[in-house]
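A.B. asks: Residue strings, one per chain:
2 protein chains.
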Amino acid sequence: MRKVGVAILGLGVVGGGTYKILTEHREMYQKAHGVDITVEAVLELRKERALALGVEESRIASSIAEICSNPDVDIVVEVMGGVEPAKTFVLAALNAGKSVVTSNKEMFCKYSYELEKVAKHNRVGLYYEATCVGGVPVIRALLDNLQGNVITSLVGIVNGTTNYILSKMSNSGADYGEALKEAQRLGYAEANPTADVEGYDATYKLSILSSLAFHTKIPYTKIYREGITNATPTDIAYGKQLGYCLKLLAIGKNTERGIEVRVHPTFIRTSHPLASVNDSYNAVYITGDSVEDVMLYGRGAGAAPTGSAIVGDIIYCATHVQHNYSTFENTEKANPSTKFVTNFESAYYIRLAAEDRAGVLSKITSVLGRNSISVAQIIQEESGEDGKVPIIVVTHVTHEHNITKAVQDINATSACASVVSVIRVYD
Amino acid sequence: MRKVGVAILGLGVVGGGTYKILTEHREMYQKAHGVDITVEAVLELRKERALALGVEESRIASSIAEICSNPDVDIVVEVMGGVEPAKTFVLAALNAGKSVVTSNKEMFCKYSYELEKVAKHNRVGLYYEATCVGGVPVIRALLDNLQGNVITSLVGIVNGTTNYILSKMSNSGADYGEALKEAQRLGYAEANPTADVEGYDATYKLSILSSLAFHTKIPYTKIYREGITNATPTDIAYGKQLGYCLKLLAIGKNTERGIEVRVHPTFIRTSHPLASVNDSYNAVYITGDSVEDVMLYGRGAGAAPTGSAIVGDIIYCATHVQHNYSTFENTEKANPSTKFVTNFESAYYIRLAAEDRAGVLSKITSVLGRNSISVAQIIQEESGEDGKVPIIVVTHVTHEHNITKAVQDINATSACASVVSVIRVYD
Numbered sequence: 001m002r003k004v005g006v007a008i009l010g011l012g013v014v015g016g017g018t019y020k021i022l023t024e025h026r027e028m029y030q031k032a033h034g035v036d037i038t039v040e041a042v043l044e045l046r047k048e049r050a051l052a053l054g055v056e057e058s059r060i061a062s063s064i065a066e067i068c069s070n071p072d073v074d075i076v077v078e079v080m081g082g083v084e085p086a087k088t089f090v091l092a093a094l095n096a097g098k099s100v101v102t103s104n105k106e107m108f109c110k111y112s113y114e115l116e117k118v119a120k121h122n123r124v125g126l127y128y129e130a131t132c133v134g135g136v137p138v139i140r141a142l143l144d145n146l147q148g149n150v151i152t153s154l155v156g157i158v159n160g161t162t163n164y165i166l167s168k169m170s171n172s173g174a175d176y177g178e179a180l181k182e183a184q185r186l187g188y189a190e191a192n193p194t195a196d197v198e199g200y201d202a203t204y205k206l207s208i209l210s211s212l213a214f215h216t217k218i219p220y221t222k223i224y225r226e227g228i229t230n231a232t233p234t235d236i237a238y239g240k241q242l243g244y245c246l247k248l249l250a251i252g253k254n255t256e257r258g259i260e261v262r263v264h265p266t267f268i269r270t271s272h273p274l275a276s277v278n279d280s281y282n283a284v285y286i287t288g289d290s291v292e293d294v295m296l297y298g299r300g301a302g303a304a305p306t307g308s309a310i311v312g313d314i315i316y317c318a319t320h321v322q323h324n325y326s327t328f329e330n331t332e333k334a335n336p337s338t339k340f341v342t343n344f345e346s347a348y349y350i351r352l353a354a355e356d357r358a359g360v361l362s363k364i365t366s367v368l369g370r371n372s373i374s375v376a377q378i379i380q381e382e383s384g385e386d387g388k389v390p391i392i393v394v395t396h397v398t399h400e401h402n403i404t405k406a407v408q409d410i411n412a413t414s415a416c417a418s419v420v421s422v423i424r425v426y427d
Numbered sequence: 428m429r430k431v432g433v434a435i436l437g438l439g440v441v442g443g444g445t446y447k448i449l450t451e452h453r454e455m456y457q458k459a460h461g462v463d464i465t466v467e468a469v470l471e472l473r474k475e476r477a478l479a480l481g482v483e484e485s486r487i488a489s490s491i492a493e494i495c496s497n498p499d500v501d502i503v504v505e506v507m508g509g510v511e512p513a514k515t516f517v518l519a520a521l522n523a524g525k526s527v528v529t530s531n532k533e534m535f536c537k538y539s540y541e542l543e544k545v546a547k548h549n550r551v552g553l554y555y556e557a558t559c560v561g562g563v564p565v566i567r568a569l570l571d572n573l574q575g576n577v578i579t580s581l582v583g584i585v586n587g588t589t590n591y592i593l594s595k596m597s598n599s600g601a602d603y604g605e606a607l608k609e610a611q612r613l614g615y616a617e618a619n620p621t622a623d624v625e626g627y628d629a630t631y632k633l634s635i636l637s638s639l640a641f642h643t644k645i646p647y648t649k650i651y652r653e654g655i656t657n658a659t660p661t662d663i664a665y666g667k668q669l670g671y672c673l674k675l676l677a678i679g680k681n682t683e684r685g686i687e688v689r690v691h692p693t694f695i696r697t698s699h700p701l702a703s704v705n706d707s708y709n710a711v712y713i714t715g716d717s718v719e720d721v722m723l724y725g726r727g728a729g730a731a732p733t734g735s736a737i738v739g740d741i742i743y744c745a746t747h748v749q750h751n752y753s754t755f756e757n758t759e760k761a762n763p764s765t766k767f768v769t770n771f772e773s774a775y776y777i778r779l780a781a782e783d784r785a786g787v788l789s790k791i792t793s794v795l796g797r798n799s800i801s802v803a804q805i806i807q808e809e810s811g812e813d814g815k816v817p818i819i820v821v822t823h824v825t826h827e828h829n830i831t832k833a834v835q836d837i838n839a840t841s842a843c844a845s846v847v848s849v850i851r852v853y854d
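Just so you know, the sequences run in chain order A and B.
Anchor point for the first sequence: position 350 equals 350 in the numbering used here, and the numbering is continuous, going up by one each time.
Just remember that the numbering used here sits 427 ahead of the position in the second sequence, which is counted from 1.
Among these hints, one or two may not hold up.
Below, computed lysine-lysine pairings styled on DSSO-like, alpha-carbon distance capped at 27 Å [unchecked claim]: (1) A:K3 x B:K544; (2) A:K222 x A:K110; (3) B:K447 x B:K458; (4) A:K388 x A:K405; (5) B:K547 x A:K3; (6) A:K120 x B:K458; (7) A:K3 x A:K120; (8) A:K31 x B:K544; (9) A:K333 x A:K222; (10) B:K430 x A:K222; (11) B:K458 x A:K117; (12) B:K537 x A:K31; (13) B:K760 x A:K31; (14) B:K430 x A:K120; (15) A:K339 x B:K458; (16) A:K333 x A:K110.
Far from chain B by the CB rule (all over 12 Å, computed), these chain A residues [stated by the list, open to error]: (17) E40; (18) E48; (19) S62; (20) P71; (21) G177; (22) P219; (23) A237; (24) E256; (25) V311; (26) Y316; (27) S362; (28) N371; (29) P390.
Just so you know, these hints were derived from the structure itself, not from any lab.
All C-beta atoms in this analysis are idealised placements derived from N, C-alpha and C, irrespective of residue type, glycine included.
Start from the sequences, fold in the hints, and give me the full structure.
C.D. replies: Here it is, written out as structure tokens:
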């Protein structure tokens with residue numbers, strides 16, 4: 001039986017999970033896939049972590065060089081996270097003729113051009129299913145299942161932390177701070193939650209997925225980004241009343257106008273399949289010209305689900321004689337011919353606080369009309385404790401610039417109303 | 428650029444869809460995948476169909492032999508359906524050294540052992556993503572993404588016709604006959620709907636999917652099958668009241684007791700992701716020991732979605748130098764060591780019509796208790812026009828044999844109540 005040696009860089013949550021899956025299922029993989037996969041080396045500064053997992057002391061490497069020169073290592077699994085030293089280590093492994101499997105979205109998103117070039121040059125594999133949406137098979141679906149389609153849109157809930165927080169706020173009426181604390185207590189959010197709650201993590205994933213879907217490099221820097229820190233229970237409650245659910249969506253669209261990529265809190269109709277993706281679950285909703293709509297749903301993070309994606313890649317790499325790479329020219333920057341649309345087309349939810357006197361609503365709607373915005377729904381409430389009247393407007397699809405202009409105009413109109421929040425509506 | 432010639436056997440709905448996708452996207456596939464895929468031949472008795480699609484007359488073959496001896500044909504796409512002559516044609520193509528892509532679930536389910544043997548012998552590919560759940564990437568997910576998992580369960584809504592009918596009954600209160608007629612009018616059901624409504628189609632798909640998931644041959648004949656023809660608006664309405672939704676589920680479980688495979692109408696909690704799979708949409712919900720829960724959702728049928736799966740397989744076949752086959756020993760019959768469980772574990776919904784007199788409920792519950800069935804919920808209604816009292820019992824998880832016995836006992840108990848319907852509940 002063919003022997004395949006693996007080295008794992010980093011025995012944190014995902015690395016430890018991967019180690020366990022590989023060692024516990026070794027016999028099954030021999031039987032089902034005809035390969036004997038063993039963990040030949042690990043690189044982990046905290047030696048006690050490795051020993052606690054049952055790694056023999058002789059297999060704890062002291063440097064990446066040691067792993068690169070180990071002839072028993074065929075595949076290097078990088079699950080350290082962060083750009084450096086991960087990138088240096090991955091390049092060293094590729095240059096040493098090892099295939100690489102990684103879950104590192106930030107590194108892959110920022111440097112896939114360089115990494116793929118080196119992998120191709122050395123004729124080794126570079127696999128990254130685990131970079132996006134944990135165990136959910138979305139990257140291989142784009143490469144090997146939906147590749148006959150012109151993908152027109154890819155919309156995802158790709159970050160478990162923010163989805164947990166928004167689900168919590170929606171179910172319990174908690175405010176953002178309370179929901180974040182609960183997420184941290186349960187291990188769904190980090191002590192420093194910035195990368196998740198500000199949407200950075202989602203932009204890395206959208207960059208990787210939309211590049212594959214639209215067959216051209218979409219750098220994460222081209223993605224409009226807005227986090228969930230301003231989400232309020234008030235807006236969530238009004239949204240519910242209107243039949244919407246608040247989600248941090250990663251939206252990629254490929255239209256005649258160009259490519260639109262954005263990550264922001266979004267109201268989505270409760271009847272849409274993405275609306276029932278709750279808590280730390282993730283999903284990607286893909287529309288193609290022949291497949292129509294497909295949704296892939298599951299656990300977007302965690303030791304075992306991410307480990308499942310990594311081990312899937314390891315077995316794939318170990319049982320295929322030929323490696324395949326991205327099906328688009330993976331340039332360092334966006335291809336100059338790619339047009340990015342920033343004046344998005346969307347419907348909008350606008351909450352205003354208005355003076356309690358006659359004619360205010362008419363002033364507001366006239367500003368909207370002047371900016372070519374047509375109104376789909378309006379709720380006007382009784383005035384609140386502050387003497388202000390909450391007015392909620394949902395618009396038909398319009399352009400982002402129209403909304404920006406209308407908000408400025410309303411706020412400037414003799415102080416009869418001010419815009420409290422603007423949330424895009426996915427329709 | 429490498430040229431890859433395709434022959435399509437059958438230009439019905441799916442064949443026509445495939446032809447269109449291939450011809451319309453030829454340039455895109457050249458650019459993205461580096462192959463020039465052309466349709467070199469078609470086999471279609473109704474010549475006018477081919478001409479209407481724009482096939483040149485010279486490419487309309489008159490026999491399978493002509494296609495097998497055509498050196499420009501590399502891949503044969505079989506989308507004729509039915510066992511014969513499809514199987515004979517596929518075997519001829521494989522033996523002529525052509526790879527085969529098929530959407531034919533009945534043929535593949537019944538003869539995959541023989542077909543795979545011949546494909547391996549000739550070192551050609553045999554691809555069948557389109558046999559199950561249209562454009563939804565479930566087969567490749569099992570082979571290339573989730574293959575590191577012990578899959579413990581695979582539950583699917585894998586038939587669009589029945590899902591449309593049950594959705595219609597649930598939304599409009601229509602009875603089975605009315606909903607079937609509407610499905611036929613819309614082209615979701617065939618004039619002779621037996622294969623769909625009696626669950627045969629679902630057993631073929633469950634056979635293919637559960638064999639891959641559980642790494643052993645699961646012949647469709649081992650699958651318990653019950654169609655939807657007895658579904659009633661009354662039970663659907665009671666189910667709703669209890670928080671359930673009626674679906675034709677294809678259920679595969681791999682437990683310590685053995686393998687459980689069954690297709691039958693099932694009540695599923697409305698909060699379960701499968702419950703929101705409506706109309707002609709399909710989905711497969713897979714649970715693995717490391718990936719936890721994954722759901723793959725989309726259009727389960729239709730020219731374009733099924734064409735998407737076929738074209739995905741064609742491109743995969745055309746761009747991979749090595750073909751991969753099932754990751755289990757594909758035997759003709761079930762492996763003698765595979766244990767099939769027929770005394771299922773499930774919760775049950777039982778509707779009874781009882782005499783309107785004292786002590787009846789106590790008699791019923793005592794029969795259930797005697798058969799080791801514990802009750803989770805009971806609804807007792809006012810007596811109906813027929814003077815009978817409808818009683819609905821939902822049980823905790825128990826064994827199928829206990830239920831069978833209890834139903835016999837109740838029906839035999841001095842005619843104080845009779846069982847009107849029994850529906851399994853997926854929990």
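A.B. asks: Confirm or reject the statement that A:V311 sits farther than 12 Å, beta carbon to beta carbon, from all of chain B.
C.D. replies: The claim breaks: A:V311 does not keep its Cβ more than 12 Å from every Cβ of chain B (closest is about 3 Å).
A.B. asks: Would you check whether the claim that A:S62 is not at the interface survives, using Cβ distances to chain B and the 12 Å cut-off?
C.D. replies: At roughly 29 Å from the nearest Cβ of chain B, A:S62 sits farther out than 12 Å, so the non-interface label holds.
A.B. asks: Quick one: work out the minimum CB distance from A:P219 to chain B and report holds if it exceeds 12 Å, violated otherwise.
C.D. replies: Correct as stated: the minimum Cβ-Cβ distance to chain B is 19 Å, above 12 Å.
A.B. asks: Quickly compare the C-alpha distance for B:K760 and A:K31 to 27 Å and report which way the hint goes.
C.D. replies: 19 Å, holds
A.B. asks: Would the pair B:K430 and A:K120 pass a check requiring their Cα atoms to be no farther apart than 27 Å?
C.D. replies: Measuring from Cα to Cα gives roughly 23 Å; hence the hint holds.
A.B. asks: A:K333 and A:K222: Cα distance at most 27 Å?
C.D. replies: Holds: A:K333 and A:K222 sit about 10 Å apart, inside 27 Å.
A.B. asks: Beyond 12 Å from chain B, beta-carbon-wise, is A:E40?
C.D. replies: 18 Å, holds
A.B. asks: Given the hinted pair A:K339 and B:K458, is their alpha-carbon gap at most 27 Å?
C.D. replies: 19 Å, holds
A.B. asks: May I ask you to check that A:E48 keeps its beta-carbon over 12 Å from the closest beta-carbon of chain B?
C.D. replies: Per Cβ check, A:E48 is outside 12 Å of chain B; nearest 24 Å; holds.
A.B. asks: Please verify whether A:K388 and A:K405 have alpha carbons no more than 27 Å apart.
C.D. replies: 23 Å, holds
A.B. asks: For a C-alpha distance cap of 27 Å, please report whether A:K3 and A:K120 respect it.
C.D. replies: 23 Å, holds
A.B. asks: Is the Cβ of A:G177 farther than 12 Å from every Cβ of chain B?
C.D. replies: 28 Å, holds
Consistency note: the structure conflicts with the earlier hints numbered 10, 25, 26.
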